[in-house]
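Novice: What follows is each chain in one-letter form.
Number of protein chains: 2
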Amino acid sequence: MPRAVAGPEIERLIQLLARLPGLGPRSARRAALHLIRKKDQLLMPLAAAFSEASTSVKVCTSCGSVDTSDPCAICSDQGRDNSVIVVVEDVADLWALERAEAVGGRYHVLGGTLSALDGRGPDDLNIAKLVERASDERVTEVILALNATVEGQTTAHYLTDVLARAGVKVTRLAHGVPVGGELDYLDEGTLSAAIRQRTPF
Amino acid sequence: MPRAVAGPEIERLIQLLARLPGLGPRSARRAALHLIRKKDQLLMPLAAAFSEASTSVKVCTSCGSVDTSDPCAICSDQGRDNSVIVVVEDVADLWALERAEAVGGRYHVLGGTLSALDGRGPDDLNIAKLVERASDERVTEVILALNATVEGQTTAHYLTDVLARAGVKVTRLAHGVPVGGELDYLDEGTLSAAIRQRTPF
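Residue numbers (full-length UniProt numbering), protein chains in the order written: chain R, 1 to 201; chain X, 1 to 201.
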């Protein structure tokens, strides 16, 4: 147990900050000091934003995303295409696709992947609700936007089986060369996928 | 302006988190999502710790450090040596020395270094108060624990001149090989300082 460097309120602040992803003990101390120095511009607004978020943030009962309203802004947006559902593992993936402005339809957040190692089966994921939504007659396509990892692809195969009963077309993201990517630095799997799934020029 | 990925409360949380040192826009989003997921264990305690800190943290009028009391815990600690003052640039340096348990005396936080480039002169630093404290007859030594940078050493030279009038011994940190350091990886300046200031074995 190292010697406490400041009063218990500051120590507690540092300990809590160190539990954020991307911050270790040292950077948590730097962040705490920065917050204390910028009390009016940063510490007090963050305190307000944190307590605001802790009361207002909800999980969307339709798609499983997080937002300050339920159903979330995307589920209640009348301008979106009702025929397409994009399935993602995590809210962070949904946010990434939204930033890319790549999706005109709806989303469904699984909350993880199937994993025998971690003991996560189909009942631990938001799958029953997905099948229910996909069975809606307006839905014609489900796009599986899962990570290109072993768990992601296992989950994709499982979902393809389950969704076959719902009578929708199931597609997945294209594999290939990332935009801006140099061939020399890509792995063999990506390169052979890019050759196999080549498109007319 | 990228498309907003979530409600305004969540967007605001992300924007404020991105202003912490060590967090960029992407890691701020990850941190926000982590906070939202761990609402009871992390978001709410942090909200409480932030508002607690924003009301209770003060700058010590004696040494310039930050703490929840004024004078701070170190200045009001009766068990510390009154004859030594260790001068540091920043509260983070004070915390680092305290963690090393290297100092039995008091501290003085300058709040930066002299810098012609950034237009910081002696009046912008906590120097007048240092001279006042050093003039106390109980104080016999001032240790300059400033960074080994050009600005740090310029400031050390200036302080040596100013403190000569106070009639105290002025010392500085030893330069040399860091503990655990390998000679092959050290710069020439450090190596020649380590040779010049060699000590008997």
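Among these hints, one or two may not hold up.
[As the list claims (entries may be wrong)] Derived EDC-like pairs (lysine to aspartate or glutamate); straight-line CA-CA distance at most 16 Å: (1) X:58 / R:40; (2) X:169 / X:137; (3) X:58 / R:137; (4) R:58 / X:40; (5) R:39 / X:123; (6) X:58 / R:9; (7) R:169 / R:136; (8) R:38 / X:52; (9) R:169 / R:123; (10) R:38 / X:90; (11) X:38 / R:52; (12) R:58 / X:9; (13) R:58 / X:11.
FYI, nobody ran anything at the bench for these hints, they're computed from the structure. Since the structure is predicted, the reported quantities are computational estimates derived from the model, not experimental observations.
Novice: Determine for every hint whether it applies to the structure shown.
Specialist: These are the hints, each one checked on the structure:
1. X:58 / R:40: Given pair residue 58 of chain X, residue 40 of chain R holds - Cα atoms ~13 Å apart, limit 16 Å.
2. X:169 / X:137: Status holds; Cα separation ~12 Å.
3. X:58 / R:137: Violated: residue 58 of chain X and residue 137 of chain R sit about 62 Å apart, past 16 Å.
4. R:58 / X:40: Judged against 16 Å, a Cα distance of about 13 Å means the pair holds.
5. R:39 / X:123: violated (23 Å)
6. X:58 / R:9: holds (12 Å)
7. R:169 / R:136: holds (13 Å)
8. R:38 / X:52: At roughly 15 Å apart (the allowed maximum being 16 Å), residue 52 of chain X and residue 38 of chain R satisfy the hint.
9. R:169 / R:123: violated (23 Å)
10. R:38 / X:90: holds (15 Å)
11. X:38 / R:52: holds (15 Å)
12. R:58 / X:9: Measuring from Cα to Cα gives roughly 12 Å; hence the hint holds.
13. R:58 / X:11: Between residue 58 of chain R and residue 11 of chain X the Cα gap is close to 14 Å, so the pair holds against 16 Å.
The structure fails hints 3, 5, 9 (numbered hints given earlier, in ascending order).
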